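Undergrad: Protein chains in written order, with the working numbering: chain A, 118 to 653; chain B, 10 to 330.
Because the hints were derived from the structure by calculation, they are not lab data.
None of these values were measured; they are calculated from a predicted model.
One or more of the hints may lead you astray.
[As the list claims (entries may be wrong)] Computed Cβ-Cβ distance ranges for the label pairs, DEER-style: (1) 210(A) / 178(B): 54 to 60 angstroms; (2) 637(A) / 152(B): 39 to 45 angstroms; (3) 178(B) / 272(A): 46 to 52 angstroms; (4) 574(A) / 22(B): 48 to 54 angstroms; (5) 14(B) / 544(A): 53 to 59 angstroms; (6) 250(A) / 193(B): 42 to 48 angstroms; (7) 101(B) / 345(A): 53 to 59 angstroms; (8) 245(B) / 391(A): 55 to 61 angstroms.
[As the list claims (entries may be wrong)] Cross-link-like lysine-lysine pairs, in silico, DSS-like; alpha carbons within 30 angstroms at most: (9) 61(B) / 246(A); (10) 537(A) / 68(B); (11) 61(B) / 537(A); (12) 246(A) / 68(B); (13) 585(A) / 459(A); (14) 337(A) / 634(A); (15) 544(A) / 68(B); (16) 269(A) / 213(A); (17) 223(A) / 246(A); (18) 68(B) / 311(A); (19) 349(A) / 636(A); (20) 61(B) / 544(A).
Idealized CB from N, CA, C, for every residue including glycine.
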Amino acid sequence: MKSVLRQFKRISLALPLAMTLLHGAGAETVARYGISMADIPLTTGQPDRGAGAYQFTGHTLYDPLVAWEANIGTRPGKLVPGLATGWKSDAKEPKKWIFTLRKGVKFHDGSSFDADAVVWNLDKVLNDKSPQYDAKQSAQVRPRIPSIASYKKVSDTVVEITTKDVDALFPYQLPWFLISSPAQWEKLGHDWSKVAFQPSGTGPFRLDKLVPRERAELVKNTAYWDPKRLAKTDRIILLPIPDALTRANALLSGQVDLIETPPPDVLPQLQKGGFKVVTNVTPHVWPYHFSTQPGSPWTDIRVRKAANLAVDRDAIVKLLNGLATPAKGQLDSSSPWFGKPKFVIKYDLAQARALMAQAGYSKDKPLKAKVIIAQGGTGQMLSLPMNEFIQQSLAEVGIAVEFEVVELENLYLHWRSGAKADMNAGKGITAINLGYVTADPFYALTRFIDSRYIAPNGVNWGGFSDPKVDAVLDQIRTTFDTKKQDALLASIHQTMVDQALMLWVVHDVNPHALSPKVKQFVQAQHWFQDLTTIGM
Amino acid sequence: MPVYLLRRLLYTLPIALGVTLLSFLLVYLAPGDPLNAIAPADAPAEVVSALKSAYGLDKPLPVQYGLWLARAVQGDLGVSIASGRAVRSEVLSAVRNTLILAAFAALLGMVAGVVLGAIAGNHIGGAADRFASGLSVLGVSIPHYWLGLVLTIIFSVWLDWLPAMGAGPGSSADGGNAWAWDWAHFRHLILPGVTLCVIPMGIVTRTVRALVAETLQQEFVTALWARGLSRLAVFRHVAKNALPTILAVTGLQLGYLMGGSILVETVFAWPGTGFLLNTAIFQRDIPLLQGTILVLCMFFVALNLLVDVLQPLIDPRMRRI
Numbered sequence: 118m119k120s121v122l123r124q125f126k127r128i129s130l131a132l133p134l135a136m137t138l139l140h141g142a143g144a145e146t147v148a149r150y151g152i153s154m155a156d157i158p159l160t161t162g163q164p165d166r167g168a169g170a171y172q173f174t175g176h177t178l179y180d181p182l183v184a185w186e187a188n189i190g191t192r193p194g195k196l197v198p199g200l201a202t203g204w205k206s207d208a209k210e211p212k213k214w215i216f217t218l219r220k221g222v223k224f225h226d227g228s229s230f231d232a233d234a235v236v237w238n239l240d241k242v243l244n245d246k247s248p249q250y251d252a253k254q255s256a257q258v259r260p261r262i263p264s265i266a267s268y269k270k271v272s273d274t275v276v277e278i279t280t281k282d283v284d285a286l287f288p289y290q291l292p293w294f295l296i297s298s299p300a301q302w303e304k305l306g307h308d309w310s311k312v313a314f315q316p317s318g319t320g321p322f323r324l325d326k327l328v329p330r331e332r333a334e335l336v337k338n339t340a341y342w343d344p345k346r347l348a349k350t351d352r353i354i355l356l357p358i359p360d361a362l363t364r365a366n367a368l369l370s371g372q373v374d375l376i377e378t379p380p381p382d383v384l385p386q387l388q389k390g391g392f393k394v395v396t397n398v399t400p401h402v403w404p405y406h407f408s409t410q411p412g413s414p415w416t417d418i419r420v421r422k423a424a425n426l427a428v429d430r431d432a433i434v435k436l437l438n439g440l441a442t443p444a445k446g447q448l449d450s451s452s453p454w455f456g457k458p459k460f461v462i463k464y465d466l467a468q469a470r471a472l473m474a475q476a477g478y479s480k481d482k483p484l485k486a487k488v489i490i491a492q493g494g495t496g497q498m499l500s501l502p503m504n505e506f507i508q509q510s511l512a513e514v515g516i517a518v519e520f521e522v523v524e525l526e527n528l529y530l531h532w533r534s535g536a537k538a539d540m541n542a543g544k545g546i547t548a549i550n551l552g553y554v555t556a557d558p559f560y561a562l563t564r565f566i567d568s569r570y571i572a573p574n575g576v577n578w579g580g581f582s583d584p585k586v587d588a589v590l591d592q593i594r595t596t597f598d599t600k601k602q603d604a605l606l607a608s609i610h611q612t613m614v615d616q617a618l619m620l621w622v623v624h625d626v627n628p629h630a631l632s633p634k635v636k637q638f639v640q641a642q643h644w645f646q647d648l649t650t651i652g653m
Numbered sequence: 010m011p012v013y014l015l016r017r018l019l020y021t022l023p024i025a026l027g028v029t030l031l032s033f034l035l036v037y038l039a040p041g042d043p044l045n046a047i048a049p050a051d052a053p054a055e056v057v058s059a060l061k062s063a064y065g066l067d068k069p070l071p072v073q074y075g076l077w078l079a080r081a082v083q084g085d086l087g088v089s090i091a092s093g094r095a096v097r098s099e100v101l102s103a104v105r106n107t108l109i110l111a112a113f114a115a116l117l118g119m120v121a122g123v124v125l126g127a128i129a130g131n132h133i134g135g136a137a138d139r140f141a142s143g144l145s146v147l148g149v150s151i152p153h154y155w156l157g158l159v160l161t162i163i164f165s166v167w168l169d170w171l172p173a174m175g176a177g178p179g180s181s182a183d184g185g186n187a188w189a190w191d192w193a194h195f196r197h198l199i200l201p202g203v204t205l206c207v208i209p210m211g212i213v214t215r216t217v218r219a220l221v222a223e224t225l226q227q228e229f230v231t232a233l234w235a236r237g238l239s240r241l242a243v244f245r246h247v248a249k250n251a252l253p254t255i256l257a258v259t260g261l262q263l264g265y266l267m268g269g270s271i272l273v274e275t276v277f278a279w280p281g282t283g284f285l286l287n288t289a290i291f292q293r294d295i296p297l298l299q300g301t302i303l304v305l306c307m308f309f310v311a312l313n314l315l316v317d318v319l320q321p322l323i324d325p326r327m328r329r330i
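The shape of chain B in the complex, shown without the other chains:
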């Protein structure tokens, strides 16, 4: 087990270095000028070149990468060209908001997916299976952007039950923008959370359905039935076998949700990493873009590592690898 952990940890290092290189270089592949974030469209050439020099954008790319990496390993992700604020604080506050949203959506998706998948796997070919599978296909196929707008129109505009946008009251009168687990804030989470959960729900449903159906066909389950165990007891054994895969899938989904919620966060003006990335992309705010991509990628790497560490604890068979 310690060797396994050490090996997984060592794998992470080249991945992390690769991530930094890609985060840095990818943003330069897109057309446009990073100084569009700061200079007006009709800024004369001398203003543009003075700005390039002021922000170090006139240096060769390898030099810029080296300087950026040296600062990044010390936790300094630079300063946003557009706002002048530290990228680290910008990204961290956005990550916190996205984490709240992604965790809520992943939880919703996992619970709904496990329940639907278990029912479907237990009744393969039946009406419950067709219903659950249909929902799962709908979940992975439906465009987020469209679903978000439809939910907003129904629950905000028509019914006036839930807010259409934002992350909470956040006015000076109620103590700032800090997230709180109260109804005033939680009601802002429901619509984006439901919108975002449909993909993990669909994926988890399909995974659990296949796992349950497959496990139920195995000999040890027949043996359990033969020993006269109750339906619940047999299902407990089936669940135990399926759990490591469910955990791995949910972990990956949480990672995808962290980085893949640009459209949902934009539709709901949710101030997370997706909203931040959207702003940074359209402004060509390179330090902000690089910092956000780096933090999201590292989050994904860390999540994978965590899942890999947790799996052997749940499934003893993994410890032999």
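The following block holds chain A by itself, in its conformation from the complex:
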């Protein structure tokens, strides 16, 4: 009898445990992610709302031909094979690029990925005569793939893309170009607004549900072609919560499991509550971009250097509760394109004052400058307090800054127009404060220093022009050896810093706050993040 009772006791103890384990094995793992956007980015193929949106509805649902390595956090990522297993420029005709496509890849709808799909997608965004042309998707990606002149299918697994000029940096443009399913568009009656709710890509997640402005639910694509990027969580629910404090409150109250960009003021409370704050080097810089047009007070290199030496960046980092790193140039010093600039950016009031004195200015006889800034917005960090700090810092060395404060959308208009435009020069505006993405050579360097991109042809806002720099840029475009290319890019960055083309203040660190439920999350050194690394 005793043994029967013992047996019963064992079973009664083991049964609930076994039931729990069984239930646990079958239960769906869910991560609820509070994102800072006011709406879910476009889901049709090319996300809107900037580089930060690609992690949500871009590289989750879709794949590019050439991908960015975003599942590593300990070093800067690099270009890696995506839907193309290889790419090379033709030795005889370097404008021609041959892409070998990955075999056996299926879209979420079951149709096959092949060269026809690539050409169809290029038409979708570049050929406004094609039936699948979508102005919205085109507007998002066209500025990011400016080099493409033409393209054609060579075979089912080979595509040829020809660039306008020889451009060795062309592969860096391709992580922005994502491939969606032609079959799904056919199936949904050629209607992109329907595709938005039932998109089909080849990515590691499928879209299970979209409620505009409320949520998007991504479910793991168990048949994903890259086993290394199989999602660690079954379902990721994206919840748009644009207000930073509301996001933090949602995390603190357990309504979400992770958030991006927690407000600096809440960090101590989050850390005290057992939440983990994750940051990393991020390709972003918060600068004053100077006008080098005649009449601008910044044409004098001594003034530009003095401004860079007048700012105590550590104090600004403190103001942001540690959510930034001091800038020593356009790029973080760990970047392979940082180089060895001779002008070392640091806080040195004495040197700054000396340079201003040489230029003929002092605290009592200040140089006047007008800077256009935004009230706030994406990438602008704590715009107004940071700008006020810089205003006070520059006043210490004899630069009296006056602000023109506008909304971010309006600031973009001033940016696109260039320093020379009447809306800037006509109003005495000689510098602009706008957070820049510095993710690849074009975004970080070329677009700001190449004379061919002087606004309105591009965003060389200040109008910097130097034939020697242009010659190096030409050399970069024709250098296909990555190491040599990196060395040349570093020399461009050195020039930018030595010329003190901007007043570089801080780099964002793209903070994320995670609840203890989130066991794994790799934060890449990029705006592209890989949500497959989230593990619960």
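Starting from the structure of chain A, add chain B where the hints point.
TA: Using the frame of chain A, we list chain B on its own:
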């Protein structure tokens, strides 16, 4: 009465036309480019100009207004530049969410306002009056945004009683985002509703206080007391006299709540018209902005009309106007 109704209905037409004109033009007064909703900040000039043409934004403003109005009267408010979704469906789903929130807040505000106002009006100068009047002043003065955050910190973060944001569970597992009158959804309504109700509560309290105090001084009330009516019976007469004004004030408050909840909806990520307007404003999504403003204004016009129609039914004196 029919003439009165007809006249009120006719007044509505020029108001509605004026509303469409203002809704259309106001958004163009703000600085910024409508194509910021769709084009990246560094889009080259040719991409921007191709988009302008694709969305008809290169046409003269009067032509754009004419085309927009012609479509709007047929119920077509165009397509959002940013999302590509039909503005009508975007606005209608947001209006439904805001209506739930505004009606709840208006009800809370009205009930609390009537009770506090009646007590205060009945005890002018007393402690109850000072308490109710103090609450009413606090209600109209307190910043919504701040109150919302404080309530969230107390009831969501510290006490963990109520959710901090959103309009309900809405996951695929529980049948979508449709609002349901169950606890799982209702608990999401409480904090934004309480935050939003403080202004109508303050206004209704002040109105009711003044009305009750004034009515209690009138001769017919003295006559009622003289006839030996009970306190409750006298109060019923006072309430009947005050009701038309309370109705008009509450109706207007509901209208204000429909359009004025941008901050509260943003703080609580409540997917209503305020949240929608906030998104549309920052993206310069002109069709969405115009459609939302138009629908909210027309709602306000319709609400005023409804109040004007209801008032003569409650107060026979109005029928003589």
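Undergrad: Take the C-beta atom of residue 245(B) and the C-beta atom of residue 391(A), compute their distance, and say whether it sits inside 55 to 61 angstroms.
TA: This hint holds: roughly 58 angstroms between Cβ atoms.
Undergrad: Check the hint pairing residue 61(B) with residue 537(A) against an upper bound of 30 angstroms on the C-alpha distance.
TA: Within the cut-off at roughly 24 angstroms; holds.
Undergrad: Assess, step by step, whether the Cα of residue 61(B) is no farther than 30 angstroms from the Cα of residue 544(A), and give holds or violated.
TA: 27 angstroms, holds
Undergrad: Quickly compare the C-alpha distance for residue 585(A) and residue 459(A) to 30 angstroms and report which way the hint goes.
TA: 18 angstroms, holds
Undergrad: State, for the Cβ atoms of residue 101(B) and residue 345(A), whether the hinted interval 53 to 59 angstroms holds or is violated.
TA: 45 angstroms, violated
Undergrad: Could you say whether the range 42 to 48 angstroms given as a hint is met by the Cβ separation of residue 250(A) and residue 193(B)?
TA: 44 angstroms, holds
Undergrad: Starting from the hint 48 to 54 angstroms, judge whether the C-beta atoms of residue 574(A) and residue 22(B) obey it.
TA: 51 angstroms, holds
Undergrad: Hinted pair, alpha-carbon criterion (30 angstroms max): residue 269(A), residue 213(A). Please report holds or violated.
TA: Within the cut-off at roughly 11 angstroms; holds.
Undergrad: Can you confirm whether the C-alpha distance between residue 349(A) and residue 636(A) stays at or below 30 angstroms?
TA: The given pair, whose Cα atoms are some 10 angstroms apart, holds under the 30 angstroms limit.
Undergrad: Just to be careful, I want the Cα atoms of residue 246(A) and residue 68(B) compared with a cutoff of 30 angstroms; is the pair within it?
TA: At roughly 22 angstroms apart (the allowed maximum being 30 angstroms), residue 68(B) and residue 246(A) satisfy the hint.
Undergrad: Quickly compare the C-alpha distance for residue 337(A) and residue 634(A) to 30 angstroms and report which way the hint goes.
TA: Holds, at roughly 19 angstroms.
Undergrad: For the range 46 to 52 angstroms, tell me whether the beta carbons of residue 178(B) and residue 272(A) fit it or not.
TA: Check passed, 50 angstroms falls within 46 to 52 angstroms.
Violated hint for the displayed structure: number 7, the only one.
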